[in-house]
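**Q** Residue numbers (this note's numbering), protein chains in the order written: chain R, 1 to 363; chain A, 1001 to 1363.
If you are wondering where the hints come from, they were derived from the structure by calculation, not from laboratory data. Note that the structure is predicted; figures quoted are calculated from it, not measured. Backbone N, C-alpha and C fix where the C-beta goes; we use that ideal spot for every residue, glycine too. Take these hints with a grain of salt, some might be off.
With a Cα cut of at most 27 Å, we get these calculated DSS-like pairs of lysine-lysine [what the hints assert, rightly or not]:
| hint | chain 1 | residue 1 | chain 2 | residue 2 |
| --- | --- | --- | --- | --- |
| 1 | A | LYS1210 | R | LYS93 |
| 2 | R | LYS206 | A | LYS1093 |
| 3 | R | LYS41 | A | LYS1206 |
| 4 | A | LYS1074 | R | LYS157 |
Going by beta-carbon spacing under 8 Å, a handful of chain A positions derived as facing chain R [as the list claims (entries may be wrong)]:
| hint | residue |
| --- | --- |
| 5 | MET1032 |
| 6 | PRO1050 |
| 7 | PHE1142 |
| 8 | LEU1148 |
| 9 | GLU1283 |
| 10 | GLY1339 |
| 11 | GLY1343 |
Protein chains: 2
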Amino acid sequence: MTHRISVELATTKRPKPDVSKIGFGSCFTDHMFMMDYDADKGWHSPQILPYQPIMMDPAAKVFHYGQTIFEGLKAYRTADGRILLFRPQQNLKRLNRSNERMSIPDVDEELALEALRQLVLVDQDWIPREEGTSLYIRPYVFATEPLLGVAPSRQYKFMIIMSPVGSYYAEGIHPVRIHVESEYVRAVAGGVGQAKTAGNYAAGLKAQEKASEQGYSQVLWLDGVHRKYIEEVGSMNVFFRIGDKVVTPELNGSILAGITRDSVIQMLGSWGVEVEQRRLSIEELFEAQEQGRLVEAFGTGTAAVISPVGELNWENRKIIIGEGRTGELSARLYNELTGIQRGELADPFGWVLELKGTVSATS
Amino acid sequence: MTHRISVELATTKRPKPDVSKIGFGSCFTDHMFMMDYDADKGWHSPQILPYQPIMMDPAAKVFHYGQTIFEGLKAYRTADGRILLFRPQQNLKRLNRSNERMSIPDVDEELALEALRQLVLVDQDWIPREEGTSLYIRPYVFATEPLLGVAPSRQYKFMIIMSPVGSYYAEGIHPVRIHVESEYVRAVAGGVGQAKTAGNYAAGLKAQEKASEQGYSQVLWLDGVHRKYIEEVGSMNVFFRIGDKVVTPELNGSILAGITRDSVIQMLGSWGVEVEQRRLSIEELFEAQEQGRLVEAFGTGTAAVISPVGELNWENRKIIIGEGRTGELSARLYNELTGIQRGELADPFGWVLELKGTVSATS
Ligand SMILES: Cc1ncc(COP(=O)(O)O)c(C=O)c1O
Ligand SMILES: Cc1ncc(COP(=O)(O)O)c(C=O)c1O
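Start from the sequences, fold in the hints, and give me the full structure.
**A** Structure follows, in structure tokens:
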């Protein structure tokens, strides 16, 4: 099935940045994808057009009631020039799960995948080639109806924008120091923590500022009910190697079901490493450390892939994990995952999708 | 101190709507207020200009990470033609409390009040005169920096738009039927429930849809930790008259500190009615009802002022309060409050602010 996405190409192309010098998500490609929704017509007018400002009514619901969701994935350029996406279908499934939770109408996943494909192909010169770099892709949906009543919007935009990103580990993979937050809460069961919706990120800013002031780069959230079970870190899920098992918080309704998390669980399983998905209290973790059983810890997410955790600080108790060095599993997972993502290693799980073809302007 | 707000007047004016026929917040006045913030310059360029779409970069942070807050208040036209605002300084204080929680820079409250004043005066023909009508005013701030990193924005817009609204009680004040939500949660202590931020409203949509399907007009939220203490209703705080006392949930960090709530507490106090601000469980309420001690219930908020509650449905247990009729205190509070707001009754608390003068275009 072909989807009729109209394509208008940019007449001038912007210079490509030096990806080693730009921050995350600060520079955008020449084109973007946009599709509109009206309650009467459904989703309509899918189009690729030059990256440009959009006109918004000041009363658009997104500004007032935050009805919006997003996704994040990456396109990679292989050494032999092919273009790969990593499990994009999973991102689109999650996009619709987020939509469902936020009362936003479903997006056709097949059409969305085709939009991703065409947009990446149109801007394929923007996929950086240097080791560790990639093209970050941001699909998102937001409410545009100009109406101040608190009710689901009758109009939306689905957009995709893309940004070349440098290596997360320009100076080599190195463990992060993390602040365990006991005052602020990100999300609670029954809320929207499992949806990739804007409000969850705004809700986390204050604790993140507090952590930075204290010299920590990230926040580890605890659950909002007992204030003791481990949830997730900023934009990552977390894993702990305790004794001969790996433990990660279960999908309890308040954390995001990370696609890297799922990939890590599958990969560890294929290596014969037992992974427990369960409630894990911060006390249990500190105890395991005292008993010498906390071997390593790492975060998982699209941006960093695997981010080893070298230190945790919880109410002025500090633990150094694995002597502050990158653990064995972290390193192996990082190498295997990025190897598959860049087409350098076999893909036994069928995770990568190669994008082929060219896209030309419709008339 | 005069603030230099530049003023550009609309060359054509839109026809005024029939307020008896329009829904809440669907029609906007001829002008809007806008002011920009940059990390380098601070807040700058305050201006009143014709109501119009704004240009937004698709990467603007508000779309992705929801850093935004808002306020809501009303301007009233008195029978003798004066223009009154109700406690606008309280809205501006709360605006800055919300800003603080969401890591948004403070707005100068004096300048914001002057902006409110000039904007209302410019569009004063839009304040409807019919009984029960008013001009709804929506100040709001949102993050505009085009950057996908999760961190406080370095650019914002502060805007004010206004919408004439019809009478909430066109067919006379009548009690609402409310669904008590036990599955979904709006906010939890440590989160952002006490801030008037977009994400809280998006988070509430799903439960609201569920309530509507079951024939209820509003959702009463329970706390996210114990799932038993009463929080608030949609866009209202709640009060219960139990025996000879009035009880309302305390400001516990997860509910909004409503300005109508505060006004009601002061007014009841001045009448010699004891008001308790404390934790109140839904069980206690149902018990009080069984014992015949639950005399009346009402919500308080800018939109409805006082909204009597005639029925509560909690896990298939239903209670009818005050025989489903408007209670004595509800009626008296409604009359006194709206009387003060419309300048028909004396204002012993110094709550109303009269706006005077005219505003002309700057050049
Ligand atoms: C809150 C949160 N948790 C976890 C993740 C990791 O998810 P994924 O592995 O799909 O990138 C992300 C980032 O997407 C996130 O925003
Ligand atoms: C969540 C919430 N609670 C309570 C209120 C009532 O507050 P106020 O009386 O200031 O309008 C509102 C509306 O502003 C609200 O949005």
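**Q** For every hint, state whether the structure bears it out.
**A** Hints, verified against the model:
1. Of the supplied pair hints, the one linking LYS1210 (chain A) and LYS93 (chain R) holds, its CA atoms being roughly 23 Å apart against a limit of 27 Å.
2. Between the alpha carbons of LYS206 (chain R) and LYS1093 (chain A) the distance comes to roughly 19 Å, so the proposed pair stays at or under 27 Å and holds.
3. As the CA atoms of LYS41 (chain R) and LYS1206 (chain A) are separated by approximately 23 Å, the hinted pair is consistent with the 27 Å bound.
4. A hinted pair counts as satisfied when its Cα atoms are at most 27 Å apart, and LYS1074 (chain A) with LYS157 (chain R) does not qualify at roughly 31 Å.
5. Among the interface hints, the one on MET1032 (chain A) holds; its C-beta lies about 6 Å from the nearest C-beta in chain R, closer than the 8 Å criterion.
6. Interface restraint check: PRO1050 (chain A) against chain R, minimum CB-CB distance 11 Å, threshold 8 Å, status violated.
7. Here the hint on PHE1142 (chain A) is kept, as its CB sits about 5 Å from the closest CB of chain R, short of 8 Å.
8. Given hint, LEU1148 (chain A) at the interface with chain R, holds; its Cβ is 3 Å from that chain's nearest Cβ, closer than 8 Å.
9. Look at GLU1283 (chain A): its Cβ only gets to about 18 Å from chain R, farther than 8 Å, so that hint breaks.
10. Interface restraint check for GLY1339 (chain A): the shortest CB-CB distance to chain R comes to about 26 Å, outside 8 Å, so the restraint is violated.
11. The interface hint given for GLY1343 (chain A) is violated, since its Cβ lies 25 Å from the closest Cβ of chain R, which is over the 8 Å cut-off.
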